[in-house]
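Heads up: the protein sequence lines correspond to chains X and B, in order. Read in order, the letters of the first sequence correspond to residues 9 to 417 in my numbering. Read in order, the letters of the second sequence correspond to residues -9 to 458 in my numbering.
It is worth saying that the hints were derived from the structure and are not from the lab. Worth double-checking, as some hints may not be accurate.
Unchecked claim - Label pairs and their in silico Cβ distance ranges:
| id | chain 1 | residue 1 | chain 2 | residue 2 | range |
| --- | --- | --- | --- | --- | --- |
| 1 | X | F356 | B | S315 | 42 to 52 angstroms |
| 2 | X | A181 | B | P438 | 53 to 63 angstroms |
| 3 | B | Y74 | X | R291 | 33 to 43 angstroms |
| 4 | B | S315 | X | K209 | 16 to 26 angstroms |
| 5 | X | D102 | B | S315 | 23 to 33 angstroms |
| 6 | X | E104 | B | P438 | 19 to 29 angstroms |
| 7 | X | G67 | B | L350 | 40 to 50 angstroms |
To be verified - Straight line, CA to CA, 27 angstroms or less: simulated DSS-like cross-link-like pairs of lysine-lysine:
| id | chain 1 | residue 1 | chain 2 | residue 2 |
| --- | --- | --- | --- | --- |
| 8 | B | K135 | X | K15 |
| 9 | B | K109 | X | K15 |
| 10 | X | K71 | B | K73 |
| 11 | B | K73 | X | K15 |
| 12 | X | K15 | B | K245 |
| 13 | X | K126 | B | K135 |
| 14 | B | K135 | X | K71 |
| 15 | X | K192 | B | K109 |
| 16 | X | K13 | B | K109 |
| 17 | B | K127 | X | K192 |
| 18 | B | K73 | X | K192 |
| 19 | B | K0 | B | K325 |
| 20 | B | K353 | X | K71 |
| 21 | B | K109 | X | K126 |
| 22 | X | K192 | B | K0 |
| 23 | X | K169 | X | K267 |
Computed from a prediction, not measured in an experiment: that's the story for all the values here. Think of the CB as a built atom: it goes at the ideal place given N, C-alpha and C, for glycine as much as any other residue.
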Amino acid sequence: MRIQKCKGTRDLSPQQMAQFRLIESVFRDSCLKWGYREVRTPTLEYLHLFTSTGTLTPGTLGKVYSFLDWDGWSGERVVLRPDGTIPVARMYIDNEDKPATARYFYITNIFIFEPTGKENRERWQCGAEMLGAGNPAADVELITVALETLRSLGLKDIKIKLSHAGIIRALLAGFGLSPEEQGKAFARILDGDSAVISQLKEQKPALVSLLAPLLEMKGANAGFLKNQQAVFTRQLPEFAPALENFIRITELLTATGQKYEIDIASGAGFEYYTGLIFQLYARDIKVGGGGRYDALIPLLGGEDVPASGFALYMDPVMNLIRQYASDEAAGVNIILKKTGAVYGQRAFELANRLHAVGLRASLFSGQTPPANGCQVEVAESFKVTGPGLTAPRPAASIEAVLELLGSKQ
Amino acid sequence: MTIIRIALPKGRLLNDTATLLEKAGWRLDGYDTALRNYRIKSEKFPDVKIKVFQEKDIPVQVAIGNYDLGICGLDWVEELSSKYSAYAPVILRDLEYGKGALYVAASRAADINTLEDVKAQADTVHIASEYPNLAEKFALELRLKRFGIYPVWGAAEAYPPDRATLALISGTPEAKEFVNGIRPLASVLSYSARLIANRQSWEQKDLSEILGTLENISLAPTPEAETKTSFYPPTIIIRDATAIRLALPDGHQQKHVVNILNKAGVKMTDYPSATGNRRPGSSLEGANITVIRPQDMPLQVANGNFDLAITGHDWVTDHKAAFPSSPVVELADLKYGWVKIVAVVCNDVPAANLYELRELCRKAETPLRVASEYTNLSDKYARDNQLGMYRIIPTWGATEAFLPEDADLLIENTETGGTIARHNLKIIDTLFESTARFIGAGGSRYRPEKQARIRQLIKLFTDAVAKG
Chain X
9 MRIQKCKGTR DLSPQQMAQF RLIESVFRDS CLKWGYREVR TPTLEYLHLF TSTGTLTPGT
69 LGKVYSFLDW DGWSGERVVL RPDGTIPVAR MYIDNEDKPA TARYFYITNI FIFEPTGKEN
129 RERWQCGAEM LGAGNPAADV ELITVALETL RSLGLKDIKI KLSHAGIIRA LLAGFGLSPE
189 EQGKAFARIL DGDSAVISQL KEQKPALVSL LAPLLEMKGA NAGFLKNQQA VFTRQLPEFA
249 PALENFIRIT ELLTATGQKY EIDIASGAGF EYYTGLIFQL YARDIKVGGG GRYDALIPLL
309 GGEDVPASGF ALYMDPVMNL IRQYASDEAA GVNIILKKTG AVYGQRAFEL ANRLHAVGLR
369 ASLFSGQTPP ANGCQVEVAE SFKVTGPGLT APRPAASIEA VLELLGSKQ
Chain B
-9 MTIIRIALPK GRLLNDTATL LEKAGWRLDG YDTALRNYRI KSEKFPDVKI KVFQEKDIPV
51 QVAIGNYDLG ICGLDWVEEL SSKYSAYAPV ILRDLEYGKG ALYVAASRAA DINTLEDVKA
111 QADTVHIASE YPNLAEKFAL ELRLKRFGIY PVWGAAEAYP PDRATLALIS GTPEAKEFVN
171 GIRPLASVLS YSARLIANRQ SWEQKDLSEI LGTLENISLA PTPEAETKTS FYPPTIIIRD
231 ATAIRLALPD GHQQKHVVNI LNKAGVKMTD YPSATGNRRP GSSLEGANIT VIRPQDMPLQ
291 VANGNFDLAI TGHDWVTDHK AAFPSSPVVE LADLKYGWVK IVAVVCNDVP AANLYELREL
351 CRKAETPLRV ASEYTNLSDK YARDNQLGMY RIIPTWGATE AFLPEDADLL IENTETGGTI
411 ARHNLKIIDT LFESTARFIG AGGSRYRPEK QARIRQLIKL FTDAVAKG
């Protein structure tokens, strides 16, 4: 019977791993430069970590990989991490000596069931979180780190879409919807569900007249928001704080030379967030997103600590990068021509000496070595072939081999 | 010719389903409460394979494609589909009989009157249910911050308020009150019998001739069963920290337990109960007795809901297979209910023992299907004995009817082996022997005073058993 790979999972080939590691290293460099420090949380967490915040929707929680552990007779389930941020927030709360502002980053896999099995159920992401800072500069910094990573990877046509959970919430609260209903209602409004819109129209005609400009128009700078502010805040003062915050963020982004699109509708799935929401696209493919989630740490039982963060999605980024760190750099192929411990010992010693000077060297005993790179045959003596050598050259000792390779590498 | 397979229910839906199919002209032979054979012949559709299952097994059997069509309650379809939406059977028709509803219920003795009260609970909300997937869905949709589900074989109504916050239980439509002061907070599903189809069969097989006979047939509405509104004295929850929380079994084990209790000089009131009361009284001082399913007892002792319980060694073993570090220990052999747990295959399988079965598995092109009520135990058995690629099919009784078409191996209990032989099956391995056991939790969970009471009670039981 053929053994198959688990549905919804993928293998990464050496070439794909090289792409993966490239993204990782570029992301790490960007984060480290901005003062973020790497963390890692466990793959297994208690399910209640994710239910306790109320920020993940029942739809998402209904797709987590949860099970009873071997000591789970209490009925307490454990889960394969379905989200990167919540465990980091938990770790932040658990950690007693934390800086006033903690900047963390991580490269992690998350697990969410996907029914067709055609999409990945295990997804990797590069995430960064800033905990303890609530100002617009924090949000702008995170966007900057994300963009820096994407640009360093050579991604083209990068776009940012901005929305604001505070504005969406103020809008939906105006219709008298409970927090639970808000998410569904917003999704239905965005789907153009006329039933929900006409129902809302009856309740609050003034608000519905605001819906259209807010949801349909796209703004390219803070001016767009200021126009909204001028029109609405007198009649709808509940929008004022969120709008003010959004304006300050966009002004700062513009000042740093960053282009963006204000698109309130891009805030679908806002339930997690409390403030700015941003989505990152490259060639119109979504490659990441993030935002401000000030409510999360208090909901987890921590102090009233503001926080925001983002994640870049490994799969689409891997598909978009052309270049990758070449894994194929030529090395030295040490070929054992004779069996016997004495020859083996010499081959291993040669490999160790080459490794010590920073060269890649692989052993071949009975296998065919790749054609590229230098070849060193090991028998009673050595024979060295390779780029730059016109003909195979004999060498009597390891020192002589090193000399030949050293002068030619 | 493509063979069409149909799964029909035994139990509560059997009579109405038989009437419906008679009206549809199927002319079934032997589909009645006597049910001498699980394989039923239809005079109208002689080539159709019809088999009778526990109602709960039918959605699973249709979903995995063993059967093209089935009839069962919507409650069991939803229990499966809410977790495994990709395998959800297609619901073809509401047959409008076997009506009921699923309720989230709490005890009158608890201060929980609405779902808002449930959400406001500071502690973990535990929900006992025969419908664990629907219970989980309910908890997620209510956005409970912290919850635990107790999947139970039955008697979920016995758990609130002291063993679980809520029970998700089935009742008649518009039920107002259940036994033991349990009352519904909200209805989560109204159900009735449905005609269901396997998704692939529905898309690819021609079922029209069969479906045509059912198209315009319906049953005259049967008068609805009277809602259980019998009132019970309020449940007395003994809060004495030294009281022993004892679980006694329901079902056929009761007569044996009563026998032992009699010998021990313990007087019981309302056990066994004709009305379904699950909190009987007794002359045992400082004991708080609840009647639950024996299958559920090991887990309920492990999680600290009960101090002592009576269950079979088989169910303890199944529990330990899932939770090897469970604190459950066997305290005394009650020496009744002897069975052996065996591995069973069809007579024509060329394997006389486990070793030969393993060899067959090694060469097999399809996974070995292992059907059992003991899912954890069977999983461990197949794993430990390297039965290659295998699948566990959970069943709810009448497992011997699964062979050969719906399973390859059974892990079953048997006394004489008679049923197994009658179904043309053979035993290839005996896993262990089982009798009823008195169980408790190991370690030093209790204070000395309670520990002393527990020791006393164990002695009472063991002495009674020793009287023979």
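How the hints compare with the structure:
Between X:F356 and B:S315 the Cβ separation comes to about 45 angstroms, which falls inside the hinted range of 42 to 52 angstroms. Between X:A181 and B:P438 the beta carbon distance is about 57 angstroms. The supplied range of 53 to 63 angstroms therefore holds. The hinted window of 33 to 43 angstroms between B:Y74 and X:R291 holds, with their beta carbons roughly 36 angstroms apart. Judged by the Cβ atoms, the range 16 to 26 angstroms given for B:S315 and X:K209 is violated: they are separated by roughly 60 angstroms.
The hinted window of 23 to 33 angstroms between X:D102 and B:S315 holds, with their beta carbons roughly 25 angstroms apart. A hinted range of 19 to 29 angstroms is violated for the C-beta pair X:E104 and B:P438, which are about 38 angstroms apart. Checked against the hint of 40 to 50 angstroms, the C-beta distance between X:G67 and B:L350 comes to roughly 44 angstroms, which is consistent with it. The suggested pairing of B:K135 with X:K15 is violated, with an alpha-carbon distance near 31 angstroms, which exceeds 27 angstroms.
Only pairs whose Cα atoms come within 27 angstroms are accepted, and B:K109 paired with X:K15 is rejected, the gap being roughly 36 angstroms. As the CA atoms of X:K71 and B:K73 are separated by approximately 9 angstroms, the hinted pair is consistent with the 27 angstroms bound. Of the supplied pair hints, the one linking B:K73 and X:K15 holds, its CA atoms being roughly 17 angstroms apart against a limit of 27 angstroms. Distance check on the hinted pair: X:K15 and B:K245 sit about 50 angstroms apart at the alpha-carbon level, beyond 27 angstroms; violated.
Our distance criterion of 27 angstroms between C-alpha atoms is broken by X:K126 and B:K135, whose separation comes to about 32 angstroms. For the proposed pair B:K135 and X:K71, the alpha carbon gap of about 17 angstroms is at most 27 angstroms, so the pair holds. A hinted pair counts as satisfied when its Cα atoms are at most 27 angstroms apart, and X:K192 with B:K109 qualifies at roughly 20 angstroms. Taking the CA atoms of X:K13 and B:K109, the gap is about 41 angstroms. The hint is violated against a cut of 27 angstroms.
The hinted pair formed by B:K127 and X:K192 meets the criterion: a straight-line CA distance of about 17 angstroms does not exceed 27 angstroms. Restraint check: the Cα-Cα separation between B:K73 and X:K192 comes to about 21 angstroms, which is no more than 27 angstroms; the hinted pair holds. Taking the CA atoms of B:K0 and B:K325, the gap is about 32 angstroms. The hint is violated against a cut of 27 angstroms. In summary, the hint linking B:K353 to X:K71 is not supported, as the alpha carbons are separated by about 36 angstroms, beyond the 27 angstroms threshold.
Of the pairs offered as hints, the one joining B:K109 and X:K126 is violated, with about 37 angstroms between alpha carbons and a cut-off of 27 angstroms exceeded. Annotation: proposed proximity of X:K192 to B:K0 is violated, straight-line Cα distance about 41 angstroms (limit 27 angstroms). Using a Cα cut-off of 27 angstroms, the hinted pair X:K169 and X:K267 holds, with the two alpha carbons roughly 10 angstroms apart.
In summary, the numbered hints that this structure violates are 4, 6, 8, 9, 12, 13, 16, 19, 20, 21 and 22.
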